[in-house]
Structures are given as C-alpha cells and as structure tokens.
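Work the whole structure out from these sequences, hints included.
2 protein chains.
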Amino acid sequence: MTRQAHDLPERLLAGDRRALAKAITLIESTRPADRAAAEALLTTILPATGKAIRIGLSGTPGAGKSTFIEAFGQYLTGLGRRVAVLAVDPSSRRSGGSILGDKTRMEQLSRNPAAFIRPSPSSGELGGVARRTRETILAVEAAGFDTVLVETVGVGQSETAVADMTDLFALIHAPGGGDELQGVKRGIMELADIVIVNKADGDLLPAARRSAADLQAALHLMRPKHPGWTVPVLQVSALAPRGIEQVWTAVEAFQATLGPAGLAAARRDQARAWMWSDVRDGLLQAFSDDPEISKAAQTLERDVATGKLPPPQAAQQLLRLFRKA
Amino acid sequence: MTRQAHDLPERLLAGDRRALAKAITLIESTRPADRAAAEALLTTILPATGKAIRIGLSGTPGAGKSTFIEAFGQYLTGLGRRVAVLAVDPSSRRSGGSILGDKTRMEQLSRNPAAFIRPSPSSGELGGVARRTRETILAVEAAGFDTVLVETVGVGQSETAVADMTDLFALIHAPGGGDELQGVKRGIMELADIVIVNKADGDLLPAARRSAADLQAALHLMRPKHPGWTVPVLQVSALAPRGIEQVWTAVEAFQATLGPAGLAAARRDQARAWMWSDVRDGLLQAFSDDPEISKAAQTLERDVATGKLPPPQAAQQLLRLFRKA
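Residue numbers (my numbering), protein chains in the order written: chain A, -13 to 311; chain B, -13 to 311.
Misleading hints may appear alongside valid ones.
Identical copies carry no separate label here, and so any pair may be met within one copy or between two of them.
[As the list claims (entries may be wrong)] Dumping the calculated DSS-like pairs for lysine-lysine here, alpha-carbon to alpha-carbon at most 30 Å:
no.	residue 1	residue 2
1	K294	K310
2	K37	K211
3	K37	K8
4	K171	K281
It is worth saying that the hints were derived from the structure and are not from the lab.
Keep in mind the model is a prediction, meaning the values are calculated, not measured.
Right under this line is the structure:
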C-alpha cells in the first residue's frame, strides 16, 4: 500500500482536495477491495462529520436550478462558508455524465476555491446512488465543508431519497403560464420546507407573483411538516441576482425554529432511515440476485397480472423459495 | 368438516350473505388452519372477481365521510348497483371497533339489502390490514357486488395502501376557514383522482366555493396522474343530499378516459403491487421475527442514532446475521 493510502483519512480531515476526490472515488467504486477501504475510511472520519447544514434541492425542468445553485453558492462563500454541491441522478450515464453538477453550468462556482462540485455517481439503481451520495456527504463534511447542497433532477423517487438525507428540502419552481407549465411532480410539494419561485424578473415578474400566490395557497391547504414552521414561498431572480439573501435567511430561520434538539432529532431520523433503507435494499437484492427466485418471480408476476393466481399466494411461494435457499 | 364448509365457495358465488360473512371471518383470522382455508377459497373464487369498480375514499377529520358514503351508497343502489363498503383502519381496536364502517353512522345504508358494510379488520400492522382488505375485496366481488368503496381514516400510510388497491381514489374535504382548517395530510393530494368539497350548503357555501377554488389551483400546479384526466373538484352536500350524481358521473368519465386498456393495465399494476408488497412484508417480518436479529437491530439502531457507527455498516452487520440464519 502506498503512503497516500495510509494517510488518506488524515489528509481528508486536513481539507486536502485531492484526498477528498480520492475518497469519493473509493466510495463510488464497486470493487470489493475499494468498498472495504471506503467503509474503513468512513468509520475513521465519522466523529468529524455531521457539522454541516444539509440542503436538498429539486426543481421543475427549466426552473433554473443550476443558475440558482451558482448564485446561492457564491453568496454563501461570500459569507465565509464552504459549500459542497452534490447530485443524485440515477439516470446519469458514465460516458455522457449527468447534467447535474455540471461544472460548465456553474462556471464561477466551479472556480471558487471555497466551493466543491461533484457530479452524480453514474447510473445505477437509485438505492446505490443514494447510498454513495450519503457517504459522500460524510466525506465532504470531514473535509471541512459546512454547507452541503444536494440537487436532484426528479427521476423516480430521487426527491424522497434526497429529502431523507438532508436537513431541509427546497423546491425551485419556474413561473407558470403558457407552455412552460410543467407542473410540480406529484409528491414533491409536501417534501418542501422552502419553495423558491425563480426567474422573478422582467417580463416574468407578474407570472412569478401569481405562481407564488398559487403555491402559497396550495401549501396552506396541507398539514404542516414541522410544527411552527410555515413553508415560505420566495420570489427570486438567480440571474440578476436578487432575493438570494432571503433564501439563506429562511434557512437560518428554519434552523432556529427546529432548535438544536429538533435538528438533532432530525439527524437521528436520517441515520436510522439510512440504516433501514440499506437493510431493505440488501434484502431485496439478496432476493432478486438468486437466479431460481428471480426466474420464479417472473413467472409468478405473469400469473398474478393475468389473474391466474391470487397475489398473496404468489408472494408466499416466493418467500418459501427464499427460506429454503 | 361440515356441509357448510364444503360448499362455502358455491354459496359465496351465489351471493349468500352468511357465506360472505363467514368468508371474511376466515380471511381475517390469524389461525393457520383458517389461513389455509382462506387461501383455498380465494384461489377457487378468483375467476369470478375483478368485475367491480373499486373506489378508495379518504377525508380530513370532520369532512363528513360517513354521511357522504351513505348518500353515495343510497344513490348507487338506486341505480341498481350493489355496493360494498370496506375500511382500512390500522388503529381500530377489537373491543371498541373502528369508527369506520360503523353502521350506526350509516344507518340507512346498513339496512339497504343491496349494500354490505364491513368494519375494518381490527388492529394490527397496516400491512396485515391492507392484505385482509384486498382479499375481502375479492370476496365481495365474488358475491356479486359491482361497486366496492374502501374508506380510510388517514393513519400512517393507509391512504397509499388504499390507493394501491383501488381503481380511483377520492378525497373528501371540509370547507376551510377558522379553526376547522385541519389541512390535507401531506402526500394525499396527489393520490386523488376526484376531490369532493363536502358540506357545500347553507352558511358554508361561500367557504366551500373558496376551498374548491384553492384545491383546484393546487391540483393545477401538479403534474397529472393520468394523461388526459383533469382531477375535478366537486362541491357536494351529502346531507341535503345534493351533487351526489355528479360524483358518479365523474367516476364514469374517469373510466371512459382510461378506457378498457387503461383500466386493465391499472388492475395488473394493482395485482403486481400486492404481490411485491406481500413479499416485502414477508421479508421484513422474517427479519424482525428472528430474536437474535431484532436484538442486534436495537443495539445497532442506537449506535447509528448516536453517531457511533455509520449506517451502512450497521445494515451490513444485520444482513450478515440474516444470511447466517
């Protein structure tokens, strides 16, 4: 083993960028030797983690997420903070890369020495991508970043996964009207702790105001996620930039509302959710990895879909096979 | 075995009420002999099932769900339909019973010979209650009911479970304003295929109109669940009764929009979802039933919550124990 590998934890904790990149490469690797090394590293650095504020971000297509993250990141480093930007995108391809965490879309931030941008781990099951991102959060925190932004593009259940691994979740919305109205993906509205209506400038300003009012009304109809916290709808122009400061003010107000006890409880929930999420993934993986079971599952799924076999019987048959194995 | 048990399938298929009650009791029983008999019964009657329209119903507290179901059920039997009302309420207690499917709240309907009301299976894990309800849907369909209403009270994930087992999901909302505004439980809005604002009469009429407009605006912001189907928001007075007919018209329009192919596809999805839901429940059950594993899980959960052990390592340890067992 080289000297580099031996002192990787130390160099990571010292904030060495190359050590951080190496650590994340280890985390993302599927080779068993690398996985073992990553686990050892994480156990070593664990006491140095947990001190950052973790913010999840999702946005409807065309909402200007990258522009917002750049403006937000620049603002935060201006306050003296150290900002890491990660991404969860199960649809990213190894060759093409993900459109998230694309440094060409966040040029200034990618050159900012107090910021660190990492594209999504390349394609794989959401479970694997989410696990690697959670571990990467630990790595960037150990390297001294105090603000972690995790963006997601909205494929499958990626928002829920990101909401589970962060302290608060922000939804970025483009002003509505005309052909651009994509609509918020079902299930996302109630994950939001902060809603941002972006592009609130120039010709779009009236539309932005209307969208903000509509979103406020919709949120008002829903039971609160955290007692005492009313989800704010903020009109922002990431391009100008204007309104960025109020987003950070809202984040701080959210932290103050939850208080240290509330935040600590949320973190414990996050950690437990991670453990059980990995357990479920592991169980289902062991289940479908078995060739006999996955073959039987195909046949049984067909019988169930065509009404030949009641679903609970099909489930019983599969579970019986699993127990014999 | 008595003659009754031998011909239970035949009597059920003939629409015999006592046979139906006996079948459901078998389904709800946890005794292994009863479970085996229930499974045999379900396999026998399966070809006679699937012909009803299955409608899920949830409502904010005070929305008047029972009054609505009674009015709706009476209207539907007036059309010549045969209506079964089931309930999913994991919080119901054996002695107290559930407030759902409470015949005293639906007096007329409980005396209606073309209707059948069954309270929720008594308390237990949601998974068990949901499975028993799904099987009960099959039993009432075999007995000739062509309309199945499944109501839920909103505990935990019961709405999602009910949405997974029905063809369409209706949300009943009370007019907003003042202290009564409970708010729609997060995650429910996007399950809805039809939204009903109840109590749209008398003094509450203006409030009902405003709530309907707010809900419409909120739904408009969200991506459609089914292409081509705009979720209607209907103002109804279950007490009058007024507006009930438009609810059934909306149900029929929904069926027409999906078309036979769309409905068949939805049913196949329901059946597959049931199978995998049972598989997941079975896996997690086998997992937590093991005393060694459940003891280790408690300790590991604590270490994970206090930041002593990274969650993925804790998950690995549990999975290793499981594989040895």
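Consistency of the hints with the structure:
In this assembly of identical chains, K294 and K310 lie within 30 Å of each other by CA distance solely inside one copy; the values are 25 Å within and 35 Å between copies. With identical chains, the CA atoms of K37 and K211 are at most 30 Å apart within one copy only, with a shortest distance of 23 Å there and 39 Å across copies. In the homo-oligomer, the alpha carbons of K37 and K8 lie at most 30 Å apart inside one protomer (22 Å), although the nearest pairing across protomers, at 59 Å, exceeds that limit. Taking the shortest Cα distances, K171 and K281 never come within 30 Å of each other, neither inside one copy (34 Å) nor across copies (40 Å).
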